[in-house]
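A.B. asks: Put chain Y on the given structure of chain F with help from the hints.
Chains as they are written, first to last, in numbering that gives the first Met the number 0: chain F, 0 to 146; chain Y, 0 to 405.
Errors might be hidden in some of the hints.
With a straight-line Cα cutoff of 30 Å, these simulated DSS-like cross-link-like pairs (lysine-lysine) come out [what the hints assert, rightly or not]:
| hint | chain 1 | residue 1 | chain 2 | residue 2 |
| --- | --- | --- | --- | --- |
| 1 | F | 3 | Y | 312 |
| 2 | F | 125 | Y | 351 |
| 3 | Y | 351 | Y | 326 |
| 4 | Y | 326 | F | 3 |
Worth flagging that the hints you see were computed from the coordinates, not collected in a lab.
Listed below, chain by chain, are the residues.
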Amino acid sequence: MELKQLYREIVNEHNLHPVHKKAIESPDLVMRGVNPSCGDDITLSLKIADGVITDAGYEGSGCAISQASVDMMVDQIIGKNKEEAIKLAGTFMGMIKGEITDEESLEALDEAAALQDVAHMPARVKCAVLGWHTMQEMLEHPEACEK
Amino acid sequence: MKTPLECRKDFDILKSGEYVYFDNAATSQRPRQVLEAVSEFYKTTNANPLRGLYDWSMGATERYEGARKTVAAFIGAKTPEEIIFTRNTTESINLVAYSYGLDNVKEGDEIVITVMEHHSNMLPWQMVAKKNKAKLIYLEPDEEGVISREEYTSKITDKTRIVAVGHVSNVMGVTNPVKEITEYAHSKGAIVVVDGAQSAPHMKVDVQDIGCDFFAFSGHKMLAPMGIGALYGRKELLENMQPFLTGGEMIEYVTREDATYAELPHKFEAGTVNAGDAVGLEAAIKYIEEIGFEAIEKQEQKLTALLMEGLAKLPYIKVYGSKDPNKHCGIVTFTMDGVHPHDLSSVLNDDKVCIRAGHHCAQPLMQFIGAGSTARASVYFYNTEEEVKIFLDKLSKVREVMGYGA
Numbered sequence: 000m001e002l003k004q005l006y007r008e009i010v011n012e013h014n015l016h017p018v019h020k021k022a023i024e025s026p027d028l029v030m031r032g033v034n035p036s037c038g039d040d041i042t043l044s045l046k047i048a049d050g051v052i053t054d055a056g057y058e059g060s061g062c063a064i065s066q067a068s069v070d071m072m073v074d075q076i077i078g079k080n081k082e083e084a085i086k087l088a089g090t091f092m093g094m095i096k097g098e099i100t101d102e103e104s105l106e107a108l109d110e111a112a113a114l115q116d117v118a119h120m121p122a123r124v125k126c127a128v129l130g131w132h133t134m135q136e137m138l139e140h141p142e143a144c145e146k
Numbered sequence: 000m001k002t003p004l005e006c007r008k009d010f011d012i013l014k015s016g017e018y019v020y021f022d023n024a025a026t027s028q029r030p031r032q033v034l035e036a037v038s039e040f041y042k043t044t045n046a047n048p049l050r051g052l053y054d055w056s057m058g059a060t061e062r063y064e065g066a067r068k069t070v071a072a073f074i075g076a077k078t079p080e081e082i083i084f085t086r087n088t089t090e091s092i093n094l095v096a097y098s099y100g101l102d103n104v105k106e107g108d109e110i111v112i113t114v115m116e117h118h119s120n121m122l123p124w125q126m127v128a129k130k131n132k133a134k135l136i137y138l139e140p141d142e143e144g145v146i147s148r149e150e151y152t153s154k155i156t157d158k159t160r161i162v163a164v165g166h167v168s169n170v171m172g173v174t175n176p177v178k179e180i181t182e183y184a185h186s187k188g189a190i191v192v193v194d195g196a197q198s199a200p201h202m203k204v205d206v207q208d209i210g211c212d213f214f215a216f217s218g219h220k221m222l223a224p225m226g227i228g229a230l231y232g233r234k235e236l237l238e239n240m241q242p243f244l245t246g247g248e249m250i251e252y253v254t255r256e257d258a259t260y261a262e263l264p265h266k267f268e269a270g271t272v273n274a275g276d277a278v279g280l281e282a283a284i285k286y287i288e289e290i291g292f293e294a295i296e297k298q299e300q301k302l303t304a305l306l307m308e309g310l311a312k313l314p315y316i317k318v319y320g321s322k323d324p325n326k327h328c329g330i331v332t333f334t335m336d337g338v339h340p341h342d343l344s345s346v347l348n349d350d351k352v353c354i355r356a357g358h359h360c361a362q363p364l365m366q367f368i369g370a371g372s373t374a375r376a377s378v379y380f381y382n383t384e385e386e387v388k389i390f391l392d393k394l395s396k397v398r399e400v401m402g403y404g405a
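Okay, chain F solo, but in the shape it has when bound:
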């Protein structure tokens, strides 16, 4: 997908009208993710019960790709258990690195798979993976979380 088309068809909607850009009530894990070189700055909050992500939200600012990507991610992970979410993050980052390209694997990412073409935009890779990387860190290293 061409860049402008990507913005128009996927990114803008999530960037301008995010569904999950809000604080959630009494989160269990909170972590800030920053791309110092571009100023993307998000704080991701997860609520977890019996190993399942029951609610999630984010706040912050940054470029459209970073914000849209995290909004789509939150949409995907609510209702999933920790292992599934970590696996999903691995799939997403694999896709962005151009290592995972088969449709079957990418299907799991649902709408977020639309960001596949960011793999061809090296300058924007960090933007796309910020939310996913942060989420993976939180689940794998909860001790590093602010909360």
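C.D. replies: Here is chain Y on its own, set in the frame of chain F:
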């Protein structure tokens, strides 16, 4: 004399006209004359300079030292020995910080820089201040980017040992009053380091007129290859400084325990030097002098005026720095409401327009002006009015791409 636009055909990379290159403040393009000068050096007289006793090495030495003379004349150094070749401005300033700063700044002393500095003229002084328990003091500009006399006379004091200031800000494009600051700093007993990365490509620099003690600049922003830059330093100061790097080609006598160092400038040029690119820098200087700074400035000012006029018509654009296009040195930094600079730059890249987006290696300035990051268009003499029009046209369509109604 060549006119700026006649020069355009010398730049192979610009020939197709496919791309609009407006990131000249990051690095310029190089004309064929520069590339050929470097190539000619390697094809005809390549050998390790300064040491060999045979024709090619002596030829390489001659070309290398010839380039030094050209650089000295270019910025008004009294003698070629006052020119040290480095990789770039960053290395030049680090040389001063390590070899002068660490030995001359004591606990409780003060180093004065501006909040507009590029990280290359900030981090070396943070290092000296931390190591020697000195205080780093920041000069702050007004909204137009100007450092007032009141500002620097209130912050440069008897405690100040070093004042390090950018000649032209790489974000605001404003030219700082380096001559006045130097005069005042000297009256307080401080030495002055001028970061000339953004001025040397665009205006006639005379270090005697400025009066500064050190002046650093890069070749790659002024048509020369990447990896060659220079440091001007007053001879008395350089002579009393310890070497920055030690090793080959910078010694007189070496025993198992000790060494005596070579005379200036070689004391500061350890290891095999970058003679090929120094020759390239010489060719770049000659190329610039053939056009002349008057014509270069005129072309840049015309383009900047056109740029700023066009940007002013877009209500969602905010331009930083002076309202006077002649005070921008070809640099126009701006933000677009609702659109992150990285998205902006990516969308423009889709239209083959190259501009910079980010913090421009000046994060404290970004914090000071209250912008997380900004977009920057910067022109050089080979850019055209047509390119400005293309840029403005493409820019005016970015908000639509980003989902804001047409």
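A.B. asks: Determine for every hint whether it applies to the structure shown.
C.D. replies: We went through each hint and held it up to the structure:
no., hint, result
1, F:3 - Y:312, "holds, 24 Å"
2, F:125 - Y:351, "holds, 22 Å"
3, Y:351 - Y:326, "holds, 28 Å"
4, Y:326 - F:3, "violated, 35 Å"
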